[in-house]
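Could you build all of it, start to finish, from the sequences and the hints given here?
Chain residues, written in single-letter form:
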Amino acid sequence: MAKLKVALYWAASCGGCEIAQLQIGDKLLKLVEAADIVFWPVAIDVKYKDVEAMPDKSIDVCLFNGAIRNSEQEHIAKMLREKSKIMIAYGSCAYGGGIPGLGNLFNRELIFQRAYVETPSTDNKEKVFPQTKFKVPEGELTLPEFYDTVKTLRQTVDVDYIVPGCPPEEKTTWLALEALIQGKLPPKGTVISHSIKAVCDDCPRKKGVKKIKKFYRTFEIIPEPEVCLLEQGLLCAGVATRGGCGAPCPQANMPCTGCYGPVEGVIDQGAHLLSAVTSVIDSNDPEEIQKIIDDIRDPAGTFYRYSLPDSLLRRARIK
Amino acid sequence: MNNFEPKIVGFCCNWCSYRGADLAGTARMKCSPNVRIIRVMCSGRVEPTFILKAFELGADGVLVLGCHPGDCHYVEGNYKTARRIPLLKKMLTQMGIEEDRLRLDWVSASEGDRFVAIVDEMTEKIRALGPFKKNSKEAKHG
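Order-wise, the sequence lines are chains A and B.
Its first residue numbered 166, the first sequence is counted upward by one per residue in our numbering.
Its first residue numbered -13, the second sequence is counted upward by one per residue in our numbering.
Worth flagging that the hints you see were computed from the coordinates, not collected in a lab.
The structure presented is a predicted model; accordingly, all values stated were derived computationally and were not measured.
Beta carbons are placed, not taken as given, at the ideal position from N, Cα and C, and that holds for glycine.
There could be a bad hint or two in this list.
[Unchecked claim] Pulled a few chain B residues facing chain A out of the computed Cβ check, cut under 8 Å:
no. : residue
1   : F41
2   : A68
3   : G82
Printed below as a string of structure tokens:
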């Protein structure tokens, strides 16, 4: 059997997905047995022009991580789509926008203002901002255009499969790779994970009646080790998040933050989570309800932590 | 702006507020025509997703009407709504959507006049706020 040709790319992401890909450990050897890696900016020296020179559909699989935040990322996403038979959105950023997707609460102007002027460690009296073009004696320098709105990979190109997670768990990554190596692929559009149910299904904590009088932030309490974290007033996103990860966070006393995306059939993870969280508030008195809700400082950032660009509203309106 | 007629999606529960709206109609009360009513079995059925979807599809405002507290046909469905809407409003504010574009209120089956008053008030509020444009210029790249 001819070896598979695999490309890996990072767009707006942190590099954690690359670590996750290496974390499959000795299974990497199995991967290398079955596949040749033709493009992987983090590890091998293949230039954009080399990829451009490849014939269309000559790459079997592209594992693309990161959101689309600038013109370079959009260009490479489109190029890799043309060159690849199968395009996989790997990790939360490619899937739902991820942490970079929270930039959609702002726009380019506000982000530049913050990053290049307001941050305490910045000294930029002339208010110099990145320019897409700049003339120097030696010629013209260029930078990719920074977009106002972060997009997911699916909003940019046609995507065949999704591997969720921030970063995807080793077993989730391997589930996808194994399917590729063996050629046993699920229907197009599948979110590849061991579960279609919520993280609660994986979570060994005891679940009882949920009645919350106060929400806590993680640093405010030390949770009981065996009781459901949401029951203890921690905003655990497990109720509205796809499982398959094995619930490592709740088992380490940290509430789920929602990185595997919505459960099967849900279109807006944040709205779903908001609904679940408010239903456990133990009060019928409007004033008390308001007081309990006041503890949730940043609902948009909490409920859409990994999925703001993929939500129904996609971004905040800036006046 | 003067010709702006707000489009408001009104979720009315089957047991109280929809009948209140019906009463307003059969009694031939005069009422702003801006609310498009969607009948649901209970205000508790109105998932936040429905409300976001309404905005996404171009609604200028969303009105959720249920039975008065204590009167819910399903005992406590409207209490769940009463917990849900304030947090949703808080989140909508972060998303740049004015709080007044979403309103939760209670209308009983006998309160046709109250239904009319709420609809008229909401319509004027939204008229003053202007049309809801989902995304401003920032959306040009997606």
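Hint-by-hint comparison with the structure:
A cut of 8 Å between beta carbons decides the hint on F41/B: the least distance to chain A is about 7 Å, and the hint holds. At its closest, the beta carbon of A68/B sits 6 Å from a beta carbon of chain A; the interface hint therefore holds under the 8 Å criterion. Checking G82/B against chain A: minimum C-beta separation of about 3 Å stays under 8 Å; hint holds.
In this structure, none of the earlier numbered hints is contradicted; all agree with it.
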